[in-house]
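**Student:** Dock chain C with the ligand against the given chain G, drawing on the hints supplied.
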Amino acid sequence: MSTTTALEQATRFEAVIGLEIHVQLATRTKMFCSCAIDFGGEPNTRTCPVCLGQPGTLPVVNRRAVEYAIRLGLALGCQIAPSSQFHRKNYFYPDMPKNYQISQYDVPICLGGELTVATDAGERRVGITRVHMEEDTGKSLHVLDTTSGVGVDPAEGLRVTRISDADYSLVDYNRAGIPLLEVVSEPDIRTATEAQAYLTELRAIVLALGISDAKLEEGSMRCDANVSLRPVGHTVFGTRAEVKNMNSVRSLGRAITYEIARQTDLLTRGEPVVQETRHWNEATGTTSTLRVKETTEDYRYFPDPDLVPVQPDPAWVDELRASLPQLPAARRARLVESLGLSGQQAAGVVGAGLAPLLDEAVAAGAPAAEAANWLTNEVTAWANERGVEPAAAPLTASHLAELTALVADQTLSKKLARQVLDRVLAGEGPPREVAAARGLAQISDTGELERAVDAAIAADPAAAQRVRDGNRKAVGALVGAVMKATKGQANPALVNELLTGRLTAPDG
Amino acid sequence: MTPLTRHSAMGLRQLLERREVSAVEVVQAHLDHIAASDGHLSAFLRVTGEQALAHAADVDRRITAGEPTGTLAGVPLALKDVLATRGIETTCGSKILESYRPPYDATVVRRLREADAIVVGKTNMDEFAMGSSCENSAFFPTRNPWDLERVPGGSSGGSVAAVAAGHVPLAIGTDTGGSIRQPAAFTGLVGVKPTYGTVSRYGLIAFASSLDQAGPIARTVTDAAWLLEAMSGHDPLDSTSIPEALPGLRGTLEAGVDGLRVGVVREFLGTDGLQAGVKARVTEAIDRLAELGADVVEVSLPHAVYGVSAYYLIAPSECSSNLSRYDGVRYGLRCDGSTAEAMMAATREAGFGAEVKRRIMIGTYALSAGYYDAYYAQAQRVRTLILRDFAAAHERCDVLVSPTAPTTAFRLGDKVSDPLAMYLNDVFTIPSSLAGSPAMSLPVGLDDDGLPVGLQIMAPVLCEPVMLRVARALESDLGFDPAPRGPNSLTEVAA
Ligand SMILES: [Zn+2]
Chain G
0 MSTTTALEQA TRFEAVIGLE IHVQLATRTK MFCSCAIDFG GEPNTRTCPV
50 CLGQPGTLPV VNRRAVEYAI RLGLALGCQI APSSQFHRKN YFYPDMPKNY
100 QISQYDVPIC LGGELTVATD AGERRVGITR VHMEEDTGKS LHVLDTTSGV
150 GVDPAEGLRV TRISDADYSL VDYNRAGIPL LEVVSEPDIR TATEAQAYLT
200 ELRAIVLALG ISDAKLEEGS MRCDANVSLR PVGHTVFGTR AEVKNMNSVR
250 SLGRAITYEI ARQTDLLTRG EPVVQETRHW NEATGTTSTL RVKETTEDYR
300 YFPDPDLVPV QPDPAWVDEL RASLPQLPAA RRARLVESLG LSGQQAAGVV
350 GAGLAPLLDE AVAAGAPAAE AANWLTNEVT AWANERGVEP AAAPLTASHL
400 AELTALVADQ TLSKKLARQV LDRVLAGEGP PREVAAARGL AQISDTGELE
450 RAVDAAIAAD PAAAQRVRDG NRKAVGALVG AVMKATKGQA NPALVNELLT
500 GRLTAPDG
Chain C
0 MTPLTRHSAM GLRQLLERRE VSAVEVVQAH LDHIAASDGH LSAFLRVTGE
50 QALAHAADVD RRITAGEPTG TLAGVPLALK DVLATRGIET TCGSKILESY
100 RPPYDATVVR RLREADAIVV GKTNMDEFAM GSSCENSAFF PTRNPWDLER
150 VPGGSSGGSV AAVAAGHVPL AIGTDTGGSI RQPAAFTGLV GVKPTYGTVS
200 RYGLIAFASS LDQAGPIART VTDAAWLLEA MSGHDPLDST SIPEALPGLR
250 GTLEAGVDGL RVGVVREFLG TDGLQAGVKA RVTEAIDRLA ELGADVVEVS
300 LPHAVYGVSA YYLIAPSECS SNLSRYDGVR YGLRCDGSTA EAMMAATREA
350 GFGAEVKRRI MIGTYALSAG YYDAYYAQAQ RVRTLILRDF AAAHERCDVL
400 VSPTAPTTAF RLGDKVSDPL AMYLNDVFTI PSSLAGSPAM SLPVGLDDDG
450 LPVGLQIMAP VLCEPVMLRV ARALESDLGF DPAPRGPNSL TEVAA
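Residue numbers (numbering that gives the first Met the number 0), protein chains in the order written: chain G, 0 to 507; chain C, 0 to 494.
A hint or two may mislead.
Stated by the list, open to error - Calculated pairs, EDC-like style, for lysine to aspartate or glutamate (alpha carbon to alpha carbon, straight line, at most 20 angstroms): (1) K214(G) x E181(G); (2) K138(G) x E113(G); (3) K414(G) x E369(G); (4) K88(G) x D372(C); (5) K138(G) x E340(C); (6) K88(G) x E297(C); (7) K414(G) x E388(G); (8) K413(G) x E377(G); (9) K278(C) x E297(C).
To be clear, the hints were calculated from the coordinates, so they are not data collected in a lab.
So here's chain G without its partners, still in its complex pose (with noise of 0.2 angstroms):
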């Protein structure tokens, strides 16, 4: 039975996706030379001969990123080759100095390792078929001339379009040389949401190892998916695209999501999948084809002359293995079995990079899983909003500590904790410093409520007569004047009990 005829009968198709992760490393200084590594600088200012590919200039390797590639393959406990190469994978495009990147290729630093990832469906393991190191390209911007009578109002500033339909390109090369990390995965990834995991774990250790930043939306963490078909139960891979350009966990899902859609549509049609890359827009929601790819590209790879075989000292890899940090899967399982949080809290908190800090907070006396949902809710949220590492935020384990206590001894409630946490953020100080400047204590004294509560008893006799009545949901609009009327300070539950006792005891 011929494959085709095996696809055509097939009803039921598995999706098997590979992912090919660039990590940009925090180095001070670029791959193979001194410049500065130095985000917002105007163009071309990050540079220097070397960088520029200068006639006569040569590379020399950064320790700090052998160093950094090192930890991540320790971390994914992949083998670490005693003598790796750097060879040069040979293009031509304007924005790469030498027309060719200095990139490792059949002799990687590491090889052979995996992640374990949480599902839904239990866990996974994704092999690791190598991290490799490699040196990123400038920036191009290829753009129409609104001079040039194609229409363009010029008040919309640079038409950018493809390199072939530009009336020029400009080059910034200040990216040019900065060290990235490649990570391959295995093909054994099988849906959008073991992608997601995948990525969002592999993530998770690059920041607890420190070498990235890793933001996915300004291109420090870059992700590419392969994808591809093949009827349940088959074994062969089908024809695969690769998918570009998704910068969020979010939209690798929705990508995939889409292209695995469409490769069914096509195979359940009976026609073919084009190998090809496609480009994910995240506006329309679809992948569209960017180039296809009719033969392997011919990168004319070799050894690169310049350098000389990577060969760490076994005994400085010994080092770095030791000095490893907790990583992710450890301190979740952690925070689950010595602070007690749920699965779903220990994710959050190490997810956004919070654990240190929850962990310094229990430590000066806050209950583990309330502090747990402070990081996970509020001050996660106000990182998002402000597009900065949760981790970044101006919140000490003291100011954390001090809030619960001022909800325990119910000085604040949830929704004035919340107010000060606000506070806090902003750098208004800690939060018992906070609530008093701000007037946001709860008013637990009975004399002052009782005063607020005649008062709006007396301005709303109809509603104080309803609960008489025995209508006792009448009650809600009565607590909801006495908080008003105390800004939202009054002790809710003391108001309830004081409302009740006025309204319901015998008339005396």
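**Tutor:** Coordinates of chain C with the ligand only, in the frame set by chain G:
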């Protein structure tokens, strides 16, 4: 009295130290000589007289003030135009870099400036160091001072012509497959290709990275040793630079050859196409070594004959990648095109000469998927075999000797249309390049046409001291006069 332009570098240093002459006078004399006679030779692509005189004046001031000066203080020097010089046009003999001014100095240039050598100009060369006659320069050919109708050899043709003519006592050349040694042989000079990794390649514009090595060109062995000491040394900017320093060279120069074992490479001296005059002078020189007390034996480098084939795969492969950066985007020539790709293609089409394009195409082919193993990888295996041949030969011999080139200087135009014949001129020099070991050419006399013949002396890695010691002993015994002479020489024509 010997004119300043015929003094050795060491001789000039003595005059300067005794204050019999100033650095400005020395430099001016050489600049005058260049101005008077380079029209016949075309050795220089550009002369940097103003900077040279300023540097010389500074050296004089420091000598007068008793301040420290470098080991080559006041000695004029020429640089092959393959070495990056900050702010000074560096073209590699190519149209594609015609107006290129590097933003930095090559490490070698920096070291030589620190030694207070006075850079008087940049010399002509085969484009991107690809050639054996200097006729592949995109600008003009350089002529041989011994016979103006003949080539000076290549690719360091401008550097040797300048030294032979007395334009400078010292010059820097670069050697990838023989580009220092063959032109030195053609012009009666001492030219040294040091151990790969002893002289920094930072700023040496790459032809073939695993082979390129800069080295000294001089009229005497002592001058060459001196210059090599000044230019070598570990450089953290070059990953292939070896950590060990070259052992001291001048201390053992006069130690003689008594008891040294000298191996005559059988395959080289028995080659078809070896000119009779070359064979005669080389054989006589070897006899003199025996007379001087060396133990002369015959050795074999059985795989050396495959050197040319391996070299013409490895060097073009590396060059095809090294020369990719010349695309008109960042520096050098830019030709218009309707798209970025068309601009790049037009620039490379107009900017590179025929030989460079030939090698880029050979290299691109050799590295292509499906051919890599048959060509590039196979050539690397041959390289390993040649390395083993040398190791075996050096178990029995301190140095190996052979002719530097199969012929003396040929006439301009003789071989330009026959690349293969041109490539075979490097047959004896290529094996040491592939092995990364040091080798040099020493003038050992003239053939019947009155043209210089070079003896190649080869040594194991980092054994420059013994190689130079053999050269010095023979130089002293033979008493070769490096001044060009003969009916068609610069000396006659310019007189
Ligand atoms: Zn740089």
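**Student:** It remains to establish, for every hint, whether it holds in the given structure.
**Tutor:** Going through the hints against the structure:
1. K214(G) x E181(G): Distance ~15 angstroms between K214(G) and E181(G) Cα, so the pair holds.
2. K138(G) x E113(G): The given pair, whose Cα atoms are some 32 angstroms apart, is violated under the 20 angstroms limit.
3. K414(G) x E369(G): holds (14 angstroms)
4. K88(G) x D372(C): holds (17 angstroms)
5. K138(G) x E340(C): holds (16 angstroms)
6. K88(G) x E297(C): Violated - the C-alpha atoms of E297(C) and K88(G) are around 45 angstroms apart, more than 20 angstroms.
7. K414(G) x E388(G): violated (24 angstroms)
8. K413(G) x E377(G): Since the Cα atoms of K413(G) and E377(G) sit roughly 12 angstroms apart, the hinted pair holds (cutoff 20 angstroms).
9. K278(C) x E297(C): Distance of about 15 angstroms is within 20 angstroms: holds.
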